[in-house]
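The UniProt record's numbering applies: residue 1 is where the sequence shown begins, and numbers increase by one.
The set of hints was computed from the structure by calculation and includes no laboratory data. Misleading hints may appear alongside valid ones.
[What the hints assert, rightly or not] Calculated pairs, SDA-like style, for lysine to any residue (alpha carbon to alpha carbon, straight line, at most 25 Å):
{"hint": "1", "residue 1": "K189", "residue 2": "A204"}
{"hint": "2", "residue 1": "K189", "residue 2": "A233"}
{"hint": "3", "residue 1": "K192", "residue 2": "E174"}
{"hint": "4", "residue 1": "K132", "residue 2": "R148"}
{"hint": "5", "residue 1": "K200", "residue 2": "N235"}
{"hint": "6", "residue 1": "K176", "residue 2": "K319"}
{"hint": "7", "residue 1": "K132", "residue 2": "K189"}
{"hint": "8", "residue 1": "K200", "residue 2": "S210"}
{"hint": "9", "residue 1": "K192", "residue 2": "G300"}
{"hint": "10", "residue 1": "K176", "residue 2": "H160"}
{"hint": "11", "residue 1": "K208", "residue 2": "K132"}
{"hint": "12", "residue 1": "K192", "residue 2": "T236"}
{"hint": "13", "residue 1": "K319", "residue 2": "P244"}
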Amino acid sequence: MLGQAPAMQDVFRAIGRLSQSHTTVLITGESGTGKELVASALHRHSVRADRPFIAINTAAIPRDLLESELFGHERGAFTGAAGQRRGRFEQADGGTLFLDEIGDMPSELQTRLLRVLSDGQFYRVGGQQPVKVNVRVIAATHQDLESRVQAGLFREDLFHRLNVIRLRLPALRERKEDIPLLMRHFLQKSAKDQGVEAKKLSEAAMQKLSQFPWPGNVRQLENVCHWLTIMAAGNTVDVGDLPPEILNGVPPEVIVNSWAQNLAQTASAALKRGETGIIDGLNATFETTLIEVALNHTGGRRIEAAQLLGWGRNTLTRKIQELGLGLGLGPE
């Protein structure tokens, strides 16, 4: 973790104060602010540092599998349970369990989690004997848990169990003085990963990057650095070398609200010009735009871009060739 801004210094001081504690911590902040990095730092600087650090994103696992993932299962507990399996709580025994996106946890599992936090024990799925564990729980969310409690979507008693110490991570736009430091760090890291010389930023490019609102926070900044390492032609990056998302500078919500209107206006103008078969042309434009956005988002990595688009890699490669995008030699 890097940061010289006062808000980040507060975070670092909090990590230091919590180093000798076993207290539950709730980390809040927008997506991409580095919540898992902070959780890992809390573990590394704690008395549990030599024990496991287990991270799980509760929003990324189907709800019918999440219970078994957290608490494990006994043989024969359900179809396919051929043997006993230790869940994440048992794997983290003596150490730290990081529960990311806790606000998305199903209500029935919130009850089970509350019991573990209260009693330090649980039952495996299909089990008859309680399992005792000594685990420090660190939870994280980008959501407003108080609002979810009021809406009946999150248990109030669980909220208070988790909210013993709350650590809020600032958005990148709240610590813009850290952007040059972060850009240099991630450009060097990306260059090392690619085995090339690190790019340098011109003063104008750095000013443009510092003015950008960074809705995706540090994660988005890291992706931009990876994109520049691969896509920028020279060793010094100027404003014109920056990715479209930076140059256009359009907030995501504006794009969401206006894209359908722009499509309608484009179609209407084409019809007024007497054009026919307009859907073919619009489809090509639509696919080209989505492909370029996906590749920018993944730093040019085609396999990841194909997954984001819901295609296989071969389909993406074929589309790139059909549309004449000239991107067929990008990284896998």
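Now the hints, each set against the structure:
For the suggested pair K189 and A204, the alpha carbons sit about 22 Å apart, so the restraint of at most 25 Å is met. About 18 Å separates the Cα atoms of K189 and A233, which keeps this hinted pair within 25 Å; it holds. For the hint linking K192 to E174, the alpha-carbon distance of about 29 Å lies beyond 25 Å, and the restraint is violated. Proposed proximity of K132 and R148 is contradicted: the alpha carbons are some 30 Å apart, above 25 Å.
For the given pair, K200 sits about 6 Å from N235 by alpha-carbon distance, which is consistent with the 25 Å threshold. Only pairs whose Cα atoms come within 25 Å are accepted, and K176 paired with K319 is rejected, the gap being roughly 38 Å. Between K132 and K189 the CA atoms are separated by roughly 42 Å; this puts the pair beyond 25 Å, and the hint is violated. As the CA atoms of K200 and S210 are separated by approximately 15 Å, the hinted pair is consistent with the 25 Å bound.
A C-alpha spacing of about 17 Å is found between K192 and G300, which places the hinted pair at or below 25 Å, so the restraint holds. Under the criterion of a C-alpha separation no larger than 25 Å, the hint pairing K176 with H160 is inconsistent with the structure, at around 33 Å. A hinted pair counts as satisfied when its Cα atoms are at most 25 Å apart, and K208 with K132 does not qualify at roughly 54 Å. For the given pair, K192 sits about 17 Å from T236 by alpha-carbon distance, which is consistent with the 25 Å threshold.
For the hint pairing K319 with P244, the CA-to-CA distance comes to about 20 Å; that is within 25 Å, so the pair holds.
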